[in-house]
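Q: Sequence:
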Amino acid sequence: MVRHRDLQARSDPKRSNARQTPQPASGIERFLPALLILIVLGVYALAMGAEFIGWDDPTNVPDNPVLKLSGTQAIAHFWSQPYDKLYIPVTYTVWTILAAVGTVSTPSGGVEFNPFIFHAANVILHALATVLVYQILQLRLRNVWACAAGALLFAVHPVQVETVAWVTAMKDVLSGTLSLSAIWLFLLSVHWVDASNEVRNLDPDRASHGPIRWGMYILSLLLFSLSLLAKPSAVAAIPILLILYWLGSDRRWKLVGALLVPWLVLGLVDVLVTHAVQPIAAPADGGRWWLRPLIAGDALAFYLYKLFIPIRLGLFYGRTPSAIIENGAIWFTWIVPVLVLGAIAWLGRKSRWPAAAALLFIAGVLPVLGLVPFTFQAYSTVADHYLYLSMLGPALALAMILSIAGMVRTKAAIIRWGTGVVLLILAGLTVAQTRYWHDSIALFTHAYAVNPHSGEAAILLAGQYNSAGDVSDALLWVDRAAPYVPKNNGSESVLHSTRASALLNAHRYNEAERELKTAIQLDSSNQLARYNLDVLREKKSRGTLGPSR
1 MVRHRDLQAR SDPKRSNARQ TPQPASGIER FLPALLILIV LGVYALAMGA EFIGWDDPTN
61 VPDNPVLKLS GTQAIAHFWS QPYDKLYIPV TYTVWTILAA VGTVSTPSGG VEFNPFIFHA
121 ANVILHALAT VLVYQILQLR LRNVWACAAG ALLFAVHPVQ VETVAWVTAM KDVLSGTLSL
181 SAIWLFLLSV HWVDASNEVR NLDPDRASHG PIRWGMYILS LLLFSLSLLA KPSAVAAIPI
241 LLILYWLGSD RRWKLVGALL VPWLVLGLVD VLVTHAVQPI AAPADGGRWW LRPLIAGDAL
301 AFYLYKLFIP IRLGLFYGRT PSAIIENGAI WFTWIVPVLV LGAIAWLGRK SRWPAAAALL
361 FIAGVLPVLG LVPFTFQAYS TVADHYLYLS MLGPALALAM ILSIAGMVRT KAAIIRWGTG
421 VVLLILAGLT VAQTRYWHDS IALFTHAYAV NPHSGEAAIL LAGQYNSAGD VSDALLWVDR
481 AAPYVPKNNG SESVLHSTRA SALLNAHRYN EAERELKTAI QLDSSNQLAR YNLDVLREKK
541 SRGTLGPSR
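Residue numbers (our numbering): 1 to 549.
Hints in this document: simulated from the structure, not taken from any laboratory. These numbers come from a predicted model, not from an experiment. One should not assume that every hint holds.
[Stated by the list, open to error] Here are the simulated lysine-lysine pairs, DSSO-like style, with alpha carbons at most 30 Å apart: (1) K539 / K517; (2) K487 / K517; (3) K306 / K350; (4) K487 / K85; (5) K306 / K487; (6) K487 / K350; (7) K517 / K540; (8) K517 / K85; (9) K85 / K68.
[Stated by the list, open to error] Label-pair distances were calculated between CB atoms; the ranges are: (10) W246 / R530: 48 to 56 Å; (11) A412 / T72: 32 to 40 Å; (12) G428 / T375: 30 to 38 Å; (13) A282 / G428: 37 to 45 Å; (14) T544 / R312: 46 to 54 Å; (15) Q81 / H438: 30 to 38 Å; (16) T375 / V338: 21 to 29 Å; (17) Q81 / G49: 33 to 41 Å; (18) A345 / N114: 44 to 52 Å; (19) W246 / G342: 18 to 26 Å.
Cβ coordinates follow ideal geometry from the N, Cα and C atoms, glycine included.
Can you build the whole structure from these sequences, using the hints too?
A: Next comes the structure, spelled out in structure tokens:
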């Protein structure tokens with residue numbers, strides 16, 4: 001059986017033993033991390049000029065009352081209790097810092113947050129994550145250009161746009177960056193590394209030798225704990241770490257297992273805290289646990305489709321458990337990932353890397369495949385930003401393919417040029433996708449175009465047009481949303497309160513009052529509907545309402 005170390009030996013015939021002196025890196029190779037950062041900044045330049053989006057952004061940043069407090073008060077609040085049913089104090093701490101430096105004055109004399117600061121932070125974090133992917137790949141491959149290409153795939157694939165261009169998704173990119181840092185440092189702490197000022201190279205034949213670097217290990221544990229407090233799904237870093245270690249070593253499993261015990265404890269505690277602050281009263285799958293493997297299979301099939309054909313990317317795919325059960329997709333789509341995994345298992349007879357790449361892809365989305373119910377499943381089991389860490393798998397696959405291609409001189413040039421063209425096309429698609437994230441109307445219009453059955457996109461468009469004073473378009477979009485709003489009290493309540501807001505602006509007070517009462521009856525926690533109804537009744541009692549229509 002040909003293992004990964006054999007591939008490395010073949011790709012470098014001069015390498016005769018584990019003590020071979022590393023070859024100095026060329027000048028440009030030393031600057032590859034900086035080049036990767038510049039490419040990320042260039043590709044996502046449009047995203048930095050975007051506005052806040054009217055989906056979760058107002059709750060988390062511009063309209064977040066806690067962020068209006070002093071920095072120390074805000075940070076103390078976020079660390080002492082959940083906010084909006086999430087306990088992610090690290091993310092909110094970063095937002096607090098950005099709010100402190102990104103406050104601008106308005107013409108009316110007030111203050112507001114500068115969206116550029118928040119978007120730029122996301123892009124910078126993504127650039128750092130890209131460099132970390134490059135460094136992690138270098139621990140498994142000696143071909144730095146292949147590693148750079150893999151990191152570029154991670155950086156410029158269009159499915160990453162949602163994570164990078166959406167302010168609220170900082171929890172994903174921040175958690176992802178911290179997770180990748182923790183994984184990289186853990187691997188460095190348990191592996192023998194030959195390092196100099198010119199090159200850092202892991203020798204798999206000696207990967208099990210040398211003392212544990214406790215400083216790196218402790219720092220990796222700290223970064224992992226911070227990643228969990230940035231977003232709980234960072235627990236996926238544990239299987240990702242195990243897969244990467246398995247790819248490079250057969251030894252020291254007992255020691256590595258012992259070192260991972262604190263990681264597992266932290267992950268378990270975070271899962272319990274998340275379950276406590278964000279309980280799922282009514283799972284979107286109706287509690288039919290026996291269907292969950294099929295739901296997960298459908299999600300993987302969808303993600304594979306978007307990986308290889310990254311077009312028509314949207315905010316709401318509407319791929320809920322009930323939707324795929326009703327249309328019958330659940331009984332067939334799982335076949336695709338099963339066939340792919342079967343093919344990879346067959347390839348894995350000769351090399352580990354195809355299985356490792358596939359398992360990394362799955363591990364990244366494991367917490368949100370639907371095997372365990374989660375809140376967003378009421379809208380869709382799948383979402384682009386869930387793939388952030390999963391893209392480490394395709395990055396590894398591309399890097400390995402290019403590394404192996406280097407051994408076949410007659411085809412190496414074709415494969416390299418082909419890879420360059422594909423990466424250029426992906427970067428172009430990413431730039432095009434960032435345009436949809438410029439403002440709320442552009443994003444929600446695109447989301448509705450991708451999925452015309454998205455009641456959420458239509459409701460959000462109605463709210464945007466209503467805020468802009470375009471009442472007729474607002475009511476039009478409410479009517480379009482009505483047939484596709486999920487049949488649950490919360491979503492239907494939002495529909496009625498959105499219609500009521502438009503009717504209030506149209507001075508149709510009696511109709512608005514009926515809609516508000518219906519919204520509250522459906523969901524007594526709808527604070528906006530309660531507030532609007534109280535204001536409407538007070539103005540009625542005082543006779544201060546304008547002329548009714």
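Q: Of all the hints numbered above, which does this structure not satisfy? Sort the numbers upward.
A: Numbers 6 and 11, in rising order.
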